[in-house]
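Assemble the complex: chain V is given as a structure, and chains P and R must be docked to it using the hints.
Chains as they are written, first to last, in the working numbering: chain V, 1 to 165; chain P, 1 to 165; chain R, 1 to 165.
None of these hints come from the bench; they were simulated from the model. Any given hint could turn out to be false.
Heads up, the list lumps identical chains together, so a pair's fine if it works in one copy or across two of them.
No more than 25 Å apart at the CA atoms, straight line, and that leaves these computed lysine to aspartate or glutamate pairs for DMTMM-like [as the list claims (entries may be wrong)]:
(1) Lys112 to Asp27
(2) Lys112 to Asp151
(3) Lys76 to Glu41
(4) Lys55 to Glu23
(5) Lys165 to Asp151
(6) Lys165 to Glu25
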Amino acid sequence: MAVTLILGGARSGKSSRAQALAEAESDTRTFIATAEALDDEMAERIARHQSDRGKGWTTIDAPLSLADALRRSTGKVVLVDCLTLWLSNVMHHERDPDQETARLLETFDTPKTLILVSNEVGFGLVPETRLGRRFRDAQGRLNQAVAAACDRVELVVAGLPLVLK
Amino acid sequence: MAVTLILGGARSGKSSRAQALAEAESDTRTFIATAEALDDEMAERIARHQSDRGKGWTTIDAPLSLADALRRSTGKVVLVDCLTLWLSNVMHHERDPDQETARLLETFDTPKTLILVSNEVGFGLVPETRLGRRFRDAQGRLNQAVAAACDRVELVVAGLPLVLK
Amino acid sequence: MAVTLILGGARSGKSSRAQALAEAESDTRTFIATAEALDDEMAERIARHQSDRGKGWTTIDAPLSLADALRRSTGKVVLVDCLTLWLSNVMHHERDPDQETARLLETFDTPKTLILVSNEVGFGLVPETRLGRRFRDAQGRLNQAVAAACDRVELVVAGLPLVLK
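If we strip away everything but chain V, and leave its shape as in the complex, we get (with noise of 0.2 Å):
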């Protein structure tokens, strides 16, 4: 039905946001989560998340093959959290992530209800590293064709919406 893009900084109540859209829509939610638990720190964090978000989600972990579940998740409504944790996934397993963007720009086309979380992460001075300043070219060029092809396009600051699109 429709696309949504909800960016917003570091703790800056997006995955609330998001969830608060899901919420509204439907009864029936999938809940895409993009983080990976490579250790028993990462595996309690998810699993807390995961409680906290209660009744009426059915969760699917996707830290690679998004594109895999979006299509396979069955809610009316769809929430990823976040395109940012599974960008730094992308790129940790050397894959390109330009042609990975493609392949989920390509589930855009649905009767669902999309809800996709992204980090806006282009705001400071540019990185030291290498691989940061890789990252933050990506990031940036991921959230602009997402975006692009949303119907709906908020920035979350301090908890608050910002209508972009």
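Relative to the frame of chain V, chains P and R by itself:
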């Protein structure tokens, strides 16, 4: 009467914006400074800021006990500049940021006009140090909590205010 | 006729936005490039950007003498990309940023349409190095001064313009 949060980046013009709002409101104004004069350079900088503000301001230093200073302040308009330095002091003295935030929010129920300045620091890459990540998270939580309790929130970019609430 | 500032983060789409505005305005356009070709990689990148812009653009290189280049430019529309690289060159050559900014602002009184691109860099943690802090402060002051003198200011996020003025 009303509580306003002025958010902005470094050298965004957020302090000037806050001062202009305060000066338009009343002639009896209190300035709560959260910067700590740890060395001569800092002491000099604070003195210069104070003289820049000109007449009509009473200054209170409150690097840590912000809630007490707000209760003690007598002006019709009270300006706090800024919550970021205060949070940094709170964490440096190993006090609990969430507890201190709760104490701050209790002071918002006042007949005075409160204007608070804070930095938005979460729009960059993940900080390299654990302390950096902790501070960024705490600042994000603080800004969300304060914004939720405010009547008006602005984001200042290049000296220009953008109304968020 | 009018002076416009296009602010944005890294890879935010600010250059594309500025070019689209310029192309909608006139067929005789001057592009003032502030990037310095210090090595082969940079020279190649600059050449690629120039070829990307396509026809209808005259390019002037002005890593330092921006005010002179603006006076010398003949197109009805003049695009400066970007003030951040220019500021970096100004500081690298130990010129005074405030003085150079004042000289830049004098050129705004012109019958041409000026479009200037600049980065917003102050939305992260305090930079670790003194140079980083100095640059961030200078960029903030420059953006404020230019924005105050502009007829229109936009902040571009994920390719989407947000009007600030």
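Status of the hints after comparison with the structure:
In this homomeric assembly, Lys112 and Asp27 come within 25 Å of each other (Cα to Cα) only inside a single copy, at 13 Å, whereas the closest approach across copies is 44 Å. When the C-alpha separation of Lys112 and Asp151 is checked against a cutoff of 25 Å, the pair qualifies only within one copy, where the shortest distance is 13 Å, while the shortest distance between copies is 36 Å. When the C-alpha separation of Lys76 and Glu41 is checked against a cutoff of 25 Å, the pair qualifies neither within a copy, at 32 Å, nor between copies, at 49 Å. Taking the shortest Cα distances, Lys55 and Glu23 sit within 25 Å of each other inside one copy (10 Å), while across copies they are farther apart (50 Å).
In this assembly of identical chains, Lys165 and Asp151 lie within 25 Å of each other by CA distance both inside one copy and across copies; the values are 7 Å within and 23 Å between. Taking identical chains as interchangeable, the C-alpha atoms of Lys165 and Glu25 lie at most 25 Å apart whether they share a chain (19 Å) or sit on different chains (24 Å).
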